[in-house]
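> Just so you know, the protein sequences line up as chains Y and X, in that order.
Just so it is clear: in the first sequence, position 281 is 281 by the numbering used here, and no numbers are missing.
Just so it is clear: in the second sequence, position 77 is 363 by the numbering used here, and no numbers are missing.
Simulated from the structure, these hints should not be mistaken for laboratory data.
Quantities reported herein were computed from a predicted structural model and do not represent experimental measurements.
Be aware that one or more of the hints could be misleading.
[As the list claims (entries may be wrong)] Some chain X residues near chain Y, calculated using beta-carbon distances under 8 angstroms:
hint	residue
1	341
2	342
3	387
We treat Cβ as the ideally placed atom computed from N, Cα and C, and that holds for glycine.
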Amino acid sequence: MNAREDVNNAWAMLWRRDRLSAIGLVLLASLILLGLFGPYLPLGDATKIAVGPRLTPPSWRFPFGTDELGRSFLPRVILGIRATFFLSASAVLITSCLGTVLGMTAGYLRGAADQVIARGADVLFAFPALLIGLLIAAVFGPGKSSAIVVIAVAALPLFVRVIRSVTLGLAGRGFIVAAEVAGASPMRIMRVHILPNVAGALVVQLTYALSVGMIIESALSFLGLGVQPPDASLGSLLRQGSAYLTFAPWLALSSGLVLSGAIMSVNLVGDAIRDVLEPLKGRSLT
Amino acid sequence: MNALVEARNLTIAYDAPGRSVLALDGAELKVEAKESLAIVGESGSGKSTLGMAIGRLLPLEARRLNGDLLFEGRSVFDASDEELRLLRREKLGFIFQNPMTALDPTMRVGRQVALALGGRPKIHEITVLLERAELSDPERIMRHFPHQLSGGMAQRVAIAMAIAREPRLLIADEPTASLDSSIRDRVMATLTRLRRETSSSLVILSHDLHMVGRHADRIAVMYAGRVVETGTSDRVLRFPAHPYTRALITAAASGASRGVRLEPIPGAPPVVTARAESCAFAPRCLARQSLCSERRPETRRVVDRIVACHFAERTLAQHQVGIEEPSG
Chain Y
1 MNAREDVNNA WAMLWRRDRL SAIGLVLLAS LILLGLFGPY LPLGDATKIA
51 VGPRLTPPSW RFPFGTDELG RSFLPRVILG IRATFFLSAS AVLITSCLGT
101 VLGMTAGYLR GAADQVIARG ADVLFAFPAL LIGLLIAAVF GPGKSSAIVV
151 IAVAALPLFV RVIRSVTLGL AGRGFIVAAE VAGASPMRIM RVHILPNVAG
201 ALVVQLTYAL SVGMIIESAL SFLGLGVQPP DASLGSLLRQ GSAYLTFAPW
251 LALSSGLVLS GAIMSVNLVG DAIRDVLEPL KGRSLT
Chain X
287 MNALVEARNL TIAYDAPGRS VLALDGAELK VEAKESLAIV GESGSGKSTL
337 GMAIGRLLPL EARRLNGDLL FEGRSVFDAS DEELRLLRRE KLGFIFQNPM
387 TALDPTMRVG RQVALALGGR PKIHEITVLL ERAELSDPER IMRHFPHQLS
437 GGMAQRVAIA MAIAREPRLL IADEPTASLD SSIRDRVMAT LTRLRRETSS
487 SLVILSHDLH MVGRHADRIA VMYAGRVVET GTSDRVLRFP AHPYTRALIT
537 AAASGASRGV RLEPIPGAPP VVTARAESCA FAPRCLARQS LCSERRPETR
587 RVVDRIVACH FAERTLAQHQ VGIEEPSG
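The shape of chain Y in the complex, shown without the other chains (with noise of 0.2 angstroms):
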């Protein structure tokens, strides 16, 4: 079996069980590609003004319309899914990995360490994000950085709890166990048989870690503490469409739709995932 074969026959498995999964599915990675390669495509440019009259609505020349500044609204907002991805997945794979590190060896080494990771993330957790953003954004600036800062921040207790709460569940686990006796150090422990029994947990956290980055920095942004202009997130744009709702709603519906979208899919995504690991460990583990 090749893996065209393999492709083809996952994909008419999952439409066959979870049609909204794979709705989902295709949703993301338009998006992804969209924000990968949109710059590229002869729409338009994204920060040439008065290309067209100002806010124009919805036509075949300007399928988004165009913003106060006459510019086309359509690259802006691809430009926007561009920057709410890449900022939002940046951070979390940025605190993904922290967050891993330290719910491992808080659920496996415990004692001291756990107690102080563990009281940390919960500290963090009753934190509202957008308290650290504004005060990350007071300290350091408001700007692109500053937006990923915040985002990881409010993204780590996330990891944290659900990898600790994981690692304890496997740490009385036989093969841990014999491992230990095999004299295998907890740095090695950890590496070689904890990781990758995290791993599964892992994903499905990280597709849920992605939504929610996208929430906190879509309302950084709409706030003015993320992505400055003339640069433009799905947030800036919502903020920016939102002072011309009554007469130009085209630019508030179309970033805010792509948005929703966007977490939407990712979400679908993760619980499709989900529902592939979970039934799977639960017959493997017993």
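Got chain Y; can you put chain X on it based on the hints?
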């Protein structure tokens, strides 16, 4: 010659919020080199705690209050982390009740066995080891994930991994309890054969008297955190000297012949919170006397075994005469 393992008055408590429970209340035990010893007892009798204490593999809540456990004459509780690591790696092998949790579900069997062997073993070394555990077609099994194996095959893989480094002592915690009854004896036979081949000792933690009688040289019966009777398997099972051992034997279904009534043991095992100053079995004992609830029976040698019962001679004598003791 020194015993391989010696527990001396070992007292271990588990701390729970608000109280602590004694898992071991002055346990005494010796494991000789190259012998197989079965530790039997009900759930909560402390047999797992005693077995795990040999490798100092106790949970964090466990606290040693008294006594010591010596491995080859050295205390495992005084050992440094590095000494403990070497002891576990070079001298001990563990086999667990459920082979499915004893194998890493995310790793192919071959790689797990390679890790157990240590270093960078050749494929040939892995297949030889699996073959010794009586797994046919080891090349195929190496490529499998644990969930693709049957319970018996998985347990054989676990056994192969436990003997990979030719340990001095194998500790098997209910090694066949989760297996199909039809293959239990065959897996035990493999374990016994490998133990002989590697001339290591074997400690079986079990409550299956029938299985234990056939595969262990000696039996240690535990009750409420104490080893109450130790002796050779056939003597202990035929002529128990402790009333609890006798009660266990009459309650076990597997050894009974048709028509013999099984006698359940009345009551439930106690939860010990402090050193017992009387016989812990007294409330459930059919032969108890007033002395039993007044003084703690010390562990002592009686004829061919070691017993912790004030009236062990009397229980033994009954077997010789073959009459039931008149009540009173």
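> Close enough to count: is the Cβ of residue 387 of chain X nearer than 8 angstroms to one in chain Y?
The hint holds - residue 387 of chain X has a Cβ within 8 angstroms of chain Y, the shortest such distance being about 5 angstroms.
> Was the hint right that residue 341 of chain X lines chain Y, CB cutoff 8 angstroms?
Since chain Y brings a Cβ to about 6 angstroms from residue 341 of chain X, closer than 8 angstroms, the hint holds.
> If you take the shortest Cβ to Cβ gap from residue 342 of chain X to chain Y, is it below 8 angstroms?
This hint is violated: residue 342 of chain X lies away from chain Y, its Cβ roughly 10 angstroms from the closest one there, beyond 8 angstroms.
Hint compliance for this structure: hint 2 is the single one not met.
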